[in-house]
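Q: Per this note's numbering, the very first residue in the sequence shown carries number 77; after that it's consecutive.
With a cut-off of at most 27 Å between alpha-carbon atoms, the simulated DSSO-like pairs for lysine-lysine come out as follows:
| no. | residue 1 | residue 2 |
| --- | --- | --- |
| 1 | Lys159 | Lys176 |
| 2 | Lys146 | Lys222 |
| 3 | Lys183 | Lys158 |
The hints are simulated quantities; they were obtained by calculation from the structure and are not laboratory data.
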Amino acid sequence: MSLAALRTCLLLCLALSASTLNLRAKARHPGAPIFMEMQLFQDRIELRIVGEQEVILPQWLGLELAGYEKNVSAADTQRATKKARAFFEKYGELRLGKQKLSLESFKVDFPESLNYIFQKPGIRLSARFPLTGVPPSVSIRWLNYKGIPALYSEPEIPVTTQWRDQVDFSRLSKNEPEHIWHANKESARARPKITLPPPPPPPTWRLPLLSLGLILVGAIGFALVRGHKRWLFAALPLLSSLATWQIAVVEIPSPFPATITVPLGDEARQLFEQLHKNLYMAFQGDSEEEIYELLAASVCPKLIDELYGEIYESLVLRSEGGAVCTITKLEQLDGGVKDSQSQPPGFEVDWHWRVHGEVSHWGHRHERTNEYRALYQVEHDGRSWKIASVEILSQRRIDQ
Numbered sequence: 077m078s079l080a081a082l083r084t085c086l087l088l089c090l091a092l093s094a095s096t097l098n099l100r101a102k103a104r105h106p107g108a109p110i111f112m113e114m115q116l117f118q119d120r121i122e123l124r125i126v127g128e129q130e131v132i133l134p135q136w137l138g139l140e141l142a143g144y145e146k147n148v149s150a151a152d153t154q155r156a157t158k159k160a161r162a163f164f165e166k167y168g169e170l171r172l173g174k175q176k177l178s179l180e181s182f183k184v185d186f187p188e189s190l191n192y193i194f195q196k197p198g199i200r201l202s203a204r205f206p207l208t209g210v211p212p213s214v215s216i217r218w219l220n221y222k223g224i225p226a227l228y229s230e231p232e233i234p235v236t237t238q239w240r241d242q243v244d245f246s247r248l249s250k251n252e253p254e255h256i257w258h259a260n261k262e263s264a265r266a267r268p269k270i271t272l273p274p275p276p277p278p279p280t281w282r283l284p285l286l287s288l289g290l291i292l293v294g295a296i297g298f299a300l301v302r303g304h305k306r307w308l309f310a311a312l313p314l315l316s317s318l319a320t321w322q323i324a325v326v327e328i329p330s331p332f333p334a335t336i337t338v339p340l341g342d343e344a345r346q347l348f349e350q351l352h353k354n355l356y357m358a359f360q361g362d363s364e365e366e367i368y369e370l371l372a373a374s375v376c377p378k379l380i381d382e383l384y385g386e387i388y389e390s391l392v393l394r395s396e397g398g399a400v401c402t403i404t405k406l407e408q409l410d411g412g413v414k415d416s417q418s419q420p421p422g423f424e425v426d427w428h429w430r431v432h433g434e435v436s437h438w439g440h441r442h443e444r445t446n447e448y449r450a451l452y453q454v455e456h457d458g459r460s461w462k463i464a465s466v467e468i469l470s471q472r473r474i475d476q
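Please put together the full structure from these sequences, using the hints given.
A: Structure follows, in structure tokens:
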């Protein structure tokens with residue numbers, strides 16, 4: 077290749093690189109500047125519009141950017157919320173068939189980071205609609221695309237819809253402003269099933285009725301008969317009772333409370349592993365009330381609020397605009413058990429595990445894995461084994 081041809085190729089490469097960088101700078105991040113996330117529960121629909129302030133504030137709400145980049149005041153937040161709600165009610169709607177859903181609540185907040193490649197101040201509009209059970213379909217409609225650049229053929233807004241394990245992706249645009257979401261049969265499953273360790277059998281007394289009857293006959297004979305024959309009348313039934321003590325045996329509940337035996341070794345590990353699994357299984361519930369109810373089956377009452385907050389915060393990705401992670405797998409790495417000699421009876425567990433999950437937002441899905449180590453105390457409350465305390469020793473994110 078001649079020197080002139082080589083120089084021409086280099087100039088073309090530089091021009092293409094500059095053009096690519098310019099396009100990226102204009103695009104600011106891989107997707108549209110505004111996203112919608114719709115999440116369904118048994119008692120509500122939560123719809124979030126997450127995007128860049130420089131589009132939503134001036135183009136949609138008619139507000140100046142000044143004052144909204146950092147440390148937004150309560151007055152500015154209130155002003156933005158009022159305008160955003162009016163804008164939302166004018167251009168957006170959710171329908172169940174022909175019925176338009178009423179807006180129950182609406183709020184605006186300003187995430188510190190939306191995790192864009194080119195960081196931009198963000199804004200999130202959150203709308204809530206009441207439900208009485210998840211419907212077979214929901215229609216979402218949006219009629220305003222002002223300020224959204226046409227990344228492809230026309231301006232569009234990606235929409236992620238999630239109900240339990242069902243995640244769907246769609247796009248709204250000026251030419252196709254409506255999308256109808258349909259529930260699939262796999263997601264329309266029953267309430268999450270919490271499996272509890274089997275309780276110990278209640279204490280019972282075994283009563284050999286035939287033997288007891290013969291003893292009673294012998295006692296009566298001994299009392300009624302006089303002379304040397306009384307011993308014969310007493311001995312024969314007693315000897316017969318010894319021979320028949322396994323016949324006609326019945327069990328009756330013991331009048332005394334059961335003695336709690338603290339499990340050790342593999343038995344204790346298996347018991348705790350099921351309780352620990354239940355903690356995360358509970359968050360498949362469709363409402364806060366249902367999650368609390370499911371947690372109560374495996375957690376002492378005094379600990380429910382604390383565990384609810386800790387696990388919920390571990391599933392909500394604040395740096396990702398508040399996206400919620402769906403758990404796909406719990407992986408046990410290590411665990412040791414020892415008797416704590418506590419009252420009520422219990423044992424301690426040093427547990428090391430990983431939580432694998434998926435995050436669906438901004439029009440795509442990606443995996444998350446977090447690793448934890450914690451000390452747990454398991455106690456018997458008189459009816460069943462429950463987690464009584466927890467101390468998180470370490471936690472970290474595992475990059476895939």
